[in-house]
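My request is simple: use the sequences and hints to build the entire structure.
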Amino acid sequence: MSSIQREATAMGWIGTGQFRDIGVLSSMAPGSIATNSATLIGYQQAGIAGAIVATVGMVLPSLILVILFAAFFVRLQDRLSVRSAFYGLRPVVTALILYAAIRFGFDEQLSSGEWLNGQTLGMVLIVGGGLFALLKYKWHPLMVLGLSAVAGIVIF
Amino acid sequence: MNKMLTREQPLRMLLAIFMTFLKIGPSTFGGGYAMIATIEKEVVERKKWMNADEMSDMVSVAGSAPGGVAVNSAAFVGYRMGGVLGAIAAVLGITLPTLAIVLLLSLTYSLFKDYAKVQAALKGIHAAVIALILVAAWKMAKASLFDALTIGIAAIALGILLFTNWSSIWLIIGAPIIGITVILIRHVNQLEVRTEPKSEVSQEAMLPEYYI
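These protein sequence lines are chains A and B, in that order.
With the first letter of the first sequence counted as 1, position 91 gets the number 91 in my numbering; the numbers rise by one all the way through.
With the first letter of the second sequence counted as 1, position 149 gets the number 149 in my numbering; the numbers rise by one all the way through.
Rather than coming from a laboratory, the hints here were simulated on the basis of the structure.
Each residue gets a CB set at the ideal place from its N, CA and C atoms; glycine is no exception.
A couple of the hints might just be wrong.
As the list claims (entries may be wrong) - Within a straight-line C-alpha distance of at most 30 Å, the following computed DSS-like cross-link-like pairs (lysine-lysine) qualify: (1) B:117 / A:138; (2) B:142 / B:41; (3) A:136 / B:41; (4) B:23 / A:138.
What the hints assert, rightly or not - Here are some chain A residues the structure puts well away from chain B; computed CB gaps all over 10 Å: (5) 69; (6) 112; (7) 114; (8) 137; (9) 148.
Said to hold, decoys possible - Cβ-to-Cβ under 10 Å is the rule here; a few derived chain A residues that face chain B: (10) 25; (11) 52; (12) 81.
In structure tokens form, the structure reads like this:
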């Protein structure tokens, strides 16, 4: 996600505010937010064909890499060296996911340095409520998304 | 006659792969990690294409390859079941419905985006997405942070991501090297070697409803 934001902004395709809208839209559709964002940016730039090209472009490298991975990994997965590689890798993946959450949620605050405002408070409230509902009560994500939309109307 | 059959069999497999992922595609909202649970149910429980262990390893591979986790998982399963063509069939299946839905949403959005209420609702959803991503991080943390080193790696990695401009590719290359080195040293010194959290925790946490 952060990479898409950097590239698309550098190409002059979208502004930061626009990117947030794209991220939000992407999250409402099924599928990976990153791929959906690529679809949307492609669509904005060049219509349906652009959307298809962007999606293919996004998916193709993964497809090739995963095929390579799958071809080798299956034979190697029980080796200690492979297991210890994953031992090191998984914490980094954890950090990457956390970072994605922070960048996606508080990009404006990160770039402006202004954290103490109503925006941040409202966001933190909904994020906290959402976390509680998801982890403690195991709500379906779609339900959390819907209720957060309502909360958004009330708060912002 | 026999030849016909053998040639027809892979085609039917490809179609089965394509249809399976076409069905999974739109059935889960909340993004890639949310799909993992659905893929698991379909591939492990119903179709019996893989067992639970293979599935949990697959999630690690899919999560560490670049790109969406769901698409990567689809490619992985497709490849296992039907080679390169199978991988392509699976990825097409999982991508097509989403593509259509995203375009529809985008059209709807451009009609309504100027209403203040719509903007406020989108902000709320924005916050909810952060919660979904944090849940994914929490589940991944449960499966990966179980000793001082893994916690340290995660903290340092997060610091690097937040405060430097390094590309994340260096972390993805560096972390396995650290992992291999440390485990090797412990192995040589005949210390206890553990590369996963204690038994059940890992199984439960590696096949969760991740949400990204």
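Hint by hint, here is what the structure shows:
no.: 1; hint: B:117 / A:138; result: holds, 28 Å
no.: 2; hint: B:142 / B:41; result: holds, 21 Å
no.: 3; hint: A:136 / B:41; result: holds, 22 Å
no.: 4; hint: B:23 / A:138; result: holds, 24 Å
no.: 5; hint: 69; result: violated, 5 Å
no.: 6; hint: 112; result: holds, 16 Å
no.: 7; hint: 114; result: holds, 17 Å
no.: 8; hint: 137; result: holds, 12 Å
no.: 9; hint: 148; result: violated, 3 Å
no.: 10; hint: 25; result: holds, 5 Å
no.: 11; hint: 52; result: holds, 7 Å
no.: 12; hint: 81; result: holds, 6 Å
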